[in-house]
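S.K.: Using this note's numbering, the first residue of the sequence shown is number -8, and each one after it goes up by one.
Please keep in mind that the hints were generated in silico from the structure rather than gathered at the bench. Predicted, not measured: the structure shown is a model, and the values here were computed from it. Hints may be right or wrong, so weigh each one.
Stated by the list, open to error - Simulated restraints on C-beta separations:
id, residue 1, residue 2, range
1, E153, D281, 28 to 38 Å
2, P11, P111, 27 to 37 Å
3, P151, L127, 26 to 36 Å
Even glycine gets a Cβ: it sits at the ideal position worked out from N, Cα and C.
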Amino acid sequence: MSTAKDATLQSDITKMKRQPDGSFNRAPSSFRNTIEQGGKFAPETDRYHLYVSLACPWATRTLIVRKLKGLDSLIPVTVVSPHMGAQGWPFASVDKFSGADEDPLYGSAYVKDLYFKADPDYGGRFTVPVLWDKKLHTIVNNESSEIIRIFNTAFNEFIPKEKAALNYYPEEHRAEIDALNDLIYPNINNGVYRSGFASTQEAYELAVADVFSALDKVEKVLEGKDYLVGNTLTEADIRLWVTTIRFDPVYVGHFKCNFRTIRDGYPAIHRWMQKLYWNISAFKDSTDFDHIKVHYYWSHQTINPTRIVPVGPVPNILPLKE
-8 MSTAKDATLQ SDITKMKRQP DGSFNRAPSS FRNTIEQGGK FAPETDRYHL YVSLACPWAT
52 RTLIVRKLKG LDSLIPVTVV SPHMGAQGWP FASVDKFSGA DEDPLYGSAY VKDLYFKADP
112 DYGGRFTVPV LWDKKLHTIV NNESSEIIRI FNTAFNEFIP KEKAALNYYP EEHRAEIDAL
172 NDLIYPNINN GVYRSGFAST QEAYELAVAD VFSALDKVEK VLEGKDYLVG NTLTEADIRL
232 WVTTIRFDPV YVGHFKCNFR TIRDGYPAIH RWMQKLYWNI SAFKDSTDFD HIKVHYYWSH
292 QTINPTRIVP VGPVPNILPL KE
C-alpha cells in the first residue's frame, strides 16, 4: 500500500526546480553504500534485488553490467512502468504496461514506497536504479555509476571463473576511463537533460553546445576503434552507450539536441553503437524502445503537454552493415 505522505515535490517532475538562470542541476544520489566482505552489506546469494526502468539510461547501465557479469540468477530484477507521473515511477500493480512488473517483495505501488521503507524521513528524489537489500530491508545504493562497479567485482566468488575474470574498470585503464567519464557525464549523459530541461533560451543554448562539442571529441576518439579505451569493452563504453542509443529516438526531438543525429552526423560513434547493440546481447536485451519513447514523451508534460509519442525514427536503430 502506498504511503499517505504527500511527496509530490520529490516525485513530480513538473514541480522540479531550476536554477535562477533557467539551468537544470541534477541532485546527487542519496544512498551510497557498497557491498564488500566484512561490511554491513556482505556479498551473499539471495540477498539483493535490483529495481529499474527500461526507459532510464542510468538504470540501463546496471542491467548491462549485470548481464555481462552473469549475475542474472544472483540478482533478480523488477521493471517499473515507463509512465512516470505525479507519484513517480509506478509498478505494474497500479499502471499496467507491457514488460513492467509488480513489486515481488513488498507489493509497493510506487518506487517512492521503497524509499520511505528504507528511510521514513527521506527527502530526496525517487530515482532508479535501486539496489535493494532483502535482509535489512533497505536501499544499498541508488547511484548507477557505483552499482556497476559493485556488480563488476563484488560477486565474483559466486559466478563462473570466466565471468569473474571480466573487469570493466581495469587498473591499467582507470586514468583514461576516469578522464572520459569526466567529459561524457556532464556534457553528454547529463548534458542532454541540461538541454531538455532548460527553461531559458540562454541556458538551453549553453547546454546543447556542450552536448555537441563533447560528441565531436568522442567521435575523434572512436575513429577506427571498436571501444573507447584500450581496445576492450569498459565501463566508459557502457556509460556513453546508454545515451547514444536514446539520442535519435528521444534526445534529438524531445530534448532539442538537434544539431545533428547520431546516425547521420557521427559515423564512428554510430558504428560503435551499432556493433555493441547487434553483437553483444547485454546491450540489445537491456534496450526497450517502447519504454524509452513512452517514458520521455509521456512523462515530461512541461516539455510535451500533448503526450503524443513520435513513431520515428524508423527504424529506432539501423541494421549493422559490414
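S.K.: Confirm or reject each hint.
M.R.: Hint check results:
Taken as a hint, the range 28 to 38 Å holds for the pair E153 and D281, whose Cβ atoms sit roughly 33 Å apart. Checking the proposed 27 to 37 Å range against P11 and P111 shows it holds: the Cβ atoms sit about 32 Å from each other. Between P151 and L127 the beta carbon distance is about 28 Å. The supplied range of 26 to 36 Å therefore holds.
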